[in-house]
Amino acid sequence: MHGLINRAVQSFVCATYGYSCWLRVTEAAELGFVEFEAMLVYDDDMTQRVLDYLCADLRRPRSEILEDLGTYLVSHPNMEGLRRLLRFGGVTYVEFLHSLDDLSDRARLAVSDLHLPALELVEVSPAEYQLFCHPGLAGYSSVMVGILRAMADDYGALVMLSHADQEQEVDVISVVLIESAFAEGRQFELGGRKS
Amino acid sequence: MMGTDDLAALLETLCPMFVLVGADGQISRVGPTLQKLRPDQSMAGRQFPDVFELVRPRDVISLSSLLASAGAKLHLKLRETPRTALKGLIAPLPDGKGAVINLSFGISILDAVRDYALTSADFSGTDLAIELLYLVEAKSAAMEASRSLNLRLQGAMLAAEEQAVTDMLTGLKNRRAMDGTIGQLITGHLPFALMHLDLDFFKSVNDQFGHAAGDYVLQQAARIMVEETRNGDTVARIGGDEFVIIFPGLSDEDILSAIATRLIDRLQAPILFEGNTCRISASIGIALSSQLKPPTAAEILNAADLALYEAKRTGRSRHCLYSVVAGRQNGNAEHGVASQL
Numbered sequence: 001m002h003g004l005i006n007r008a009v010q011s012f013v014c015a016t017y018g019y020s021c022w023l024r025v026t027e028a029a030e031l032g033f034v035e036f037e038a039m040l041v042y043d044d045d046m047t048q049r050v051l052d053y054l055c056a057d058l059r060r061p062r063s064e065i066l067e068d069l070g071t072y073l074v075s076h077p078n079m080e081g082l083r084r085l086l087r088f089g090g091v092t093y094v095e096f097l098h099s100l101d102d103l104s105d106r107a108r109l110a111v112s113d114l115h116l117p118a119l120e121l122v123e124v125s126p127a128e129y130q131l132f133c134h135p136g137l138a139g140y141s142s143v144m145v146g147i148l149r150a151m152a153d154d155y156g157a158l159v160m161l162s163h164a165d166q167e168q169e170v171d172v173i174s175v176v177l178i179e180s181a182f183a184e185g186r187q188f189e190l191g192g193r194k195s
Numbered sequence: 001m002m003g004t005d006d007l008a009a010l011l012e013t014l015c016p017m018f019v020l021v022g023a024d025g026q027i028s029r030v031g032p033t034l035q036k037l038r039p040d041q042s043m044a045g046r047q048f049p050d051v052f053e054l055v056r057p058r059d060v061i062s063l064s065s066l067l068a069s070a071g072a073k074l075h076l077k078l079r080e081t082p083r084t085a086l087k088g089l090i091a092p093l094p095d096g097k098g099a100v101i102n103l104s105f106g107i108s109i110l111d112a113v114r115d116y117a118l119t120s121a122d123f124s125g126t127d128l129a130i131e132l133l134y135l136v137e138a139k140s141a142a143m144e145a146s147r148s149l150n151l152r153l154q155g156a157m158l159a160a161e162e163q164a165v166t167d168m169l170t171g172l173k174n175r176r177a178m179d180g181t182i183g184q185l186i187t188g189h190l191p192f193a194l195m196h197l198d199l200d201f202f203k204s205v206n207d208q209f210g211h212a213a214g215d216y217v218l219q220q221a222a223r224i225m226v227e228e229t230r231n232g233d234t235v236a237r238i239g240g241d242e243f244v245i246i247f248p249g250l251s252d253e254d255i256l257s258a259i260a261t262r263l264i265d266r267l268q269a270p271i272l273f274e275g276n277t278c279r280i281s282a283s284i285g286i287a288l289s290s291q292l293k294p295p296t297a298a299e300i301l302n303a304a305d306l307a308l309y310e311a312k313r314t315g316r317s318r319h320c321l322y323s324v325v326a327g328r329q330n331g332n333a334e335h336g337v338a339s340q341l
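Listed in order, the protein sequences are those of chains A and E. Numbering-wise (the UniProt record's numbering), the first sequence opens with residue 1 and increments by one. Numbering-wise (the UniProt record's numbering), the second sequence opens with residue 1 and increments by one.
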């Protein structure tokens, strides 16, 4: 598993549940270290153990925790850089949804050995979409639900999200757009990059 | 032929940074994004050279000569600050009715989006500007992560080197390890002997046959020293061709002399490296911890050093005991330097 993903989990746990929680989890998972390096690649098994022990420690189901991770990736000030990268996807929430088809390619363009599962958006109607999350990364669709929810807030859109169903290992997320300009949304300037 | 309005409408959709100029060089229309760069002053109605400075090609003055460079890349700058650099391409309109000049930011895009607060809507759908901006940010973030990893690895490497006790080339202990061993023996009040061994003629091997030969000779010399000492002895390389051997519990100068003799004998044997015969030898100074009161690491090393110097001075390929040097200093020259030649 790419270090960036492990690092995201670490950052999420430390910011949300505290460093002591992270220490307990890494010790229980017998990693042999405490800090993941963003630019190294680790055994997939390590990530699974960390998530298993995190669920046990928090006594919460994995899908819930991963959804919170997705929300964290967009909404926490630590992750401003990532939010900005996602906002490059489009001017409106719907444009952003359409840009998800390119997300794995965009990720690979930035970090060549970061392989994210393919996403495919299907427009059911202008107010209803289905996002197909292809296999390759267990729990990815749960993280995506959190990301989609937080990005809706970011754009000021009001949406209803649900894990619709699963078709042959492909997770389907249903996105119902209730109002595209429900709230102000957060600012995004192309030149607003911190330098 | 379509009218100016139709043409301008078409251009606004396709290239929002166009300039439409008449045959007299006057700007008739500009794209909305271009106008956004000078929000307080309409570009339309002004002379093209009054708004834009042509950086390249240099020798072009009039619109007609500019039209002659149709298809070539133009480099321009806005006349007033911020003097944003622009790239351009000129295409003449039919019947000598002027020209369309399409502009873009080129590499100045990063500053431009900040200076003019441009948004995605300011670029045409086919423009790669947004992708470029995305890539710059994504790559910067990835680079930052790599850089911080490099810094940490460098720190870890320095720390590891700091803690290393082995000489990489020979596999012997290094000076730090030697200091540690001497310190432990002194603290534990354990008597020991210390040999300071210096290879003779090593430099000429390096000069004659190169560093690879020199390295090989050092490795062979190290092997000999390990073979001629006991498991509990410490053999350390403390400089280029300088070695220290520590013998815990040994204080018999006859035995030490015999070991020194054997070491020099073996080190004098020719060493073959890639068809060349390398010849070295060694000089050795020997001191006992019991000869110094109180024994300190610096004093014992210094004593062995004095003996080594004496061995060198009297003709190399010899060993010398500190007791002899010290004895002669005290006017008691009962021993000479043991010769091995």
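Calculated from the structure, these hints are not laboratory results. Just so you know, not all the hints are guaranteed correct.
To be verified - Restraint ranges, calculated between C-beta atoms of paired labels, are given here: (1) G106/E x D52/A: 46 to 54 Å; (2) V34/A x G210/E: 26 to 34 Å; (3) L132/E x P61/A: 53 to 61 Å; (4) L149/E x L23/A: 19 to 27 Å; (5) A156/E x S162/A: 28 to 36 Å; (6) A183/A x K97/E: 33 to 41 Å; (7) R114/E x E184/A: 18 to 26 Å; (8) L149/E x R62/A: 22 to 30 Å.
Unchecked claim - Output of the computed footprint for chain A on chain E, the stretches with three or more beta carbons under 8 Å from beta carbons of chain A: (9) 32-39; (10) 117-124.
Said to hold, decoys possible - Just some of the chain A residues that point at chain E, by a computed CB distance under 8 Å: (11) V34; (12) E37; (13) A38; (14) Y42; (15) P77; (16) M79; (17) G81; (18) R83; (19) V91; (20) V94; (21) R108; (22) L109; (23) V111; (24) D113; (25) G185.
All C-beta atoms in this analysis are idealised placements derived from N, C-alpha and C, irrespective of residue type, glycine included.
To see whether the hints hold, each was checked on the structure:
1. G106/E x D52/A: 46 to 54 Å: Holds, since G106/E and D52/A (Cβ atoms, about 51 Å apart) stay within the stated range.
2. V34/A x G210/E: 26 to 34 Å: violated, 47 Å
3. L132/E x P61/A: 53 to 61 Å: violated, 41 Å
4. L149/E x L23/A: 19 to 27 Å: holds, 21 Å
5. A156/E x S162/A: 28 to 36 Å: violated, 47 Å
6. A183/A x K97/E: 33 to 41 Å: violated, 50 Å
7. R114/E x E184/A: 18 to 26 Å: Holds: the Cβ-Cβ distance is about 23 Å, inside 18 to 26 Å.
8. L149/E x R62/A: 22 to 30 Å: holds, 29 Å
9. 32-39: With 0 residues close enough to chain A, the hint is violated.
10. 117-124: holds (count 5)
11. V34: Where the cut-off is 8 Å and the nearest Cβ of chain E is about 13 Å from V34/A, the hint is violated.
12. E37: holds, 5 Å
13. A38: holds, 4 Å
14. Y42: violated, 13 Å
15. P77: The hint is violated - P77/A has no Cβ within 8 Å of chain E, the shortest such distance being about 15 Å.
16. M79: Not OK, violated: M79/A not within 8 Å of chain E, min 11 Å.
17. G81: holds, 5 Å
18. R83: violated, 11 Å
19. V91: Result: holds, 5 Å to nearest chain E Cβ.
20. V94: Violated, about 14 Å.
21. R108: violated, 10 Å
22. L109: This hint holds: L109/A lies near chain E, its Cβ roughly 6 Å from the closest one there, short of 8 Å.
23. V111: This hint holds: V111/A lies near chain E, its Cβ roughly 5 Å from the closest one there, short of 8 Å.
24. D113: Violated, because the Cβ-Cβ distance from D113/A to chain E comes to roughly 11 Å (cut-off 8 Å).
25. G185: violated, 13 Å
Of the numbered hints listed earlier, those contradicted by the structure are 2, 3, 5, 6, 9, 11, 14, 15, 16, 18, 20, 21, 24 and 25.
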